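For the record, the sequence lines run as chains P and B. If you're matching positions, the first sequence starts at 1 in the numbering used here and goes up one per residue. If you're matching positions, the second sequence starts at 1001 in the numbering used here and goes up one per residue.
Hints listed in this document are in silico derivations from the structure and should not be mistaken for laboratory results. The hints are all genuine.
Here are the simulated lysine-lysine pairs, DSSO-like style, with alpha carbons at most 27 Å apart: (1) K1058(B) - K67(P); (2) K116(P) - K1030(B); (3) K384(P) - K1071(B); (4) K60(P) - K1058(B); (5) K1083(B) - K60(P); (6) K30(P) - K1078(B); (7) K1071(B) - K48(P); (8) K1083(B) - K42(P); (9) K42(P) - K1087(B); (10) K1111(B) - K60(P); (11) K48(P) - K1089(B); (12) K12(P) - K1111(B); (13) K60(P) - K1078(B); (14) K7(P) - K94(P); (15) K42(P) - K1071(B); (16) K1058(B) - K48(P); (17) K30(P) - K1083(B); (18) K1030(B) - K110(P); (19) K1095(B) - K30(P); (20) K68(P) - K1111(B); (21) K42(P) - K1078(B); (22) K1078(B) - K48(P); (23) K1071(B) - K7(P); (24) K48(P) - K1083(B); (25) K60(P) - K1089(B); (26) K124(P) - K110(P); (27) K7(P) - K1095(B); (28) K48(P) - K1087(B); (29) K42(P) - K1089(B); (30) K1095(B) - K381(P); (31) K1087(B) - K1113(B); (32) K1095(B) - K12(P).
None of the values given here were measured: they were computed from a predicted structure.
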Amino acid sequence: MFEDLVKTTAYKKGMPHQRFTFVPHPVWGKPASVHREYIEGKDPITGKPVMQEIIEALTKPLTDEEKKTGFLERTEPRIVGPDTPENLQQLFLKNGWTDGLPIVLPTEKKVAEMLKKTSHRPDKLVGKMRPSPPHEAWEYTVEKVAINAVMAGAKPEYFPVILAIASTGITSLFSSTTSFARMVVVNGPICDQIGMNSGMGAMGPFNHANATIGRAWTLISRNLSGGGTLGETYLGSQGNNLSYNNVCFAENEARNPWKPFHIQKGFKPEQSVVSIFTGWGITHSFGSAKKEFHQQISSLLGSFCPYSSGTSVAGALVLVDPLVAKDLKEVEGFDTKEKLSEWLYKNTLMTVEDYWNSGLVSTFTLPQAQLGVEPFASWLKLPKDALIPRFLSPKEINIIVVGGETNAFWQAGDFRYIGSASVDAWK
Amino acid sequence: MRKRMSWLLMWMFLLASLLFVGALQAEEAKITVLNPRGQTPSIPLVPMAPRLDTLNDKTIYLVDVRFEGGKSFLLEMKDWFAKNMPKVKTVFREKAGPYMDDDPKLWAEIKEKGDAMIMAIGH
Chain P
1 MFEDLVKTTA YKKGMPHQRF TFVPHPVWGK PASVHREYIE GKDPITGKPV MQEIIEALTK
61 PLTDEEKKTG FLERTEPRIV GPDTPENLQQ LFLKNGWTDG LPIVLPTEKK VAEMLKKTSH
121 RPDKLVGKMR PSPPHEAWEY TVEKVAINAV MAGAKPEYFP VILAIASTGI TSLFSSTTSF
181 ARMVVVNGPI CDQIGMNSGM GAMGPFNHAN ATIGRAWTLI SRNLSGGGTL GETYLGSQGN
241 NLSYNNVCFA ENEARNPWKP FHIQKGFKPE QSVVSIFTGW GITHSFGSAK KEFHQQISSL
301 LGSFCPYSSG TSVAGALVLV DPLVAKDLKE VEGFDTKEKL SEWLYKNTLM TVEDYWNSGL
361 VSTFTLPQAQ LGVEPFASWL KLPKDALIPR FLSPKEINII VVGGETNAFW QAGDFRYIGS
421 ASVDAWK
Chain B
1001 MRKRMSWLLM WMFLLASLLF VGALQAEEAK ITVLNPRGQT PSIPLVPMAP RLDTLNDKTI
1061 YLVDVRFEGG KSFLLEMKDW FAKNMPKVKT VFREKAGPYM DDDPKLWAEI KEKGDAMIMA
1121 IGH
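Construct the complete structure from the given sequences, taking the supplied hints into account.
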């Protein structure tokens, strides 16, 4: 199952002939007796006995190829074709350069039109992106981002927003077997200038800017970091339908009774900003009619999985319609988003026993606790029934206002805020 | 007869013209586009470590990167060596930190005290 991933990773690390032995999958969750059978059995790929293969890997003299030094060079031609538009569509599809849907072919003329909407030179470096930490990072220029923006069907006036997303270097197709999703929320004057939707149906397929900006991020993630190749640079077992346009929408600032999200993160109202989130899914619980909105939200967030990996932690993103936001502020007394986050943080506690039995915690957090990293090291010493926070801090719980006030509806996802980037810097 | 020949020649000329224009149009319909792929970095080749003549009387580190199931798997492998190749000394170690973290202290220990390493990645 992981043969392509293992071999291409070794290739990209400079050891294309690294010696591997495979055993059946999965190893996880199997008793020691099954592991013993794997060891005494055969490599499912080569058919050789596992231990014989391992011993040979350690003792068989190196070949000339395995001793080689120097560099492996890979180049891509700038121009594709000439060919008919139909054949080029097929070529892009066959090469894995699309999201499976038809694209706008990136002719020099269309790309030049896109490039007119930024003051930056086509050869300016925008960023580096990798499908996930073990993979190599690729660099890309303004022109390469423009090519992918054209393919997504974006209008040239959306280009600064797409460049801002690309400048974060964050892939929307993060390679994990757990099928991550990414989200991009846009704030500031650019939203109205390019006609983004923050109201009715903002998170659905009803707005050209929302749809194509989000789609452009997926194409950028495939083509500018080498991501999205199944079995090599994308391993999500089920995939994630949100990855088609990465939940791209604008916050409803006009109907938001609180500070807009970008101002919470230190930007000014007149600045235009993209903010990136990562998670797995969005869900809803109507909860009890007798409960107020903040209580309903805490009930749902109280089911989210905790974890801390050292580089990331569990987060939550609450997406509230303006009607819910108004009620939370005027009836339920949360006059800032921060106060609501604080209350949710304190009211989604869990027992120490449940925490350490959580799947991601045992993989990511327990090794940190054993190294003495706080607060996890101290939590290991607590009694099983002690209560500890599900989220590491209130800052990991964010609130966004979106929707058209046709229903006092809210949703929440296990999405963590990763960072923001200026759109204005790319005009 | 001469009239029939003239008609035939005219039809042949018309057909050839149509074929020529069609071919020209097909040629004109071809376009070039820009390549959407980013620049792939060059890869410095890393020569692999020299191999051992034999594993007998050697110390082999069995390292678990701490992905699920790796520890149990390697402890079974340690047991296999003890039973089937008793002259091989095996040392089991769990890499420090989560699976994505580096562990330079362990690599230094293996360089100093070990002869080879088998790393298992569970899942």
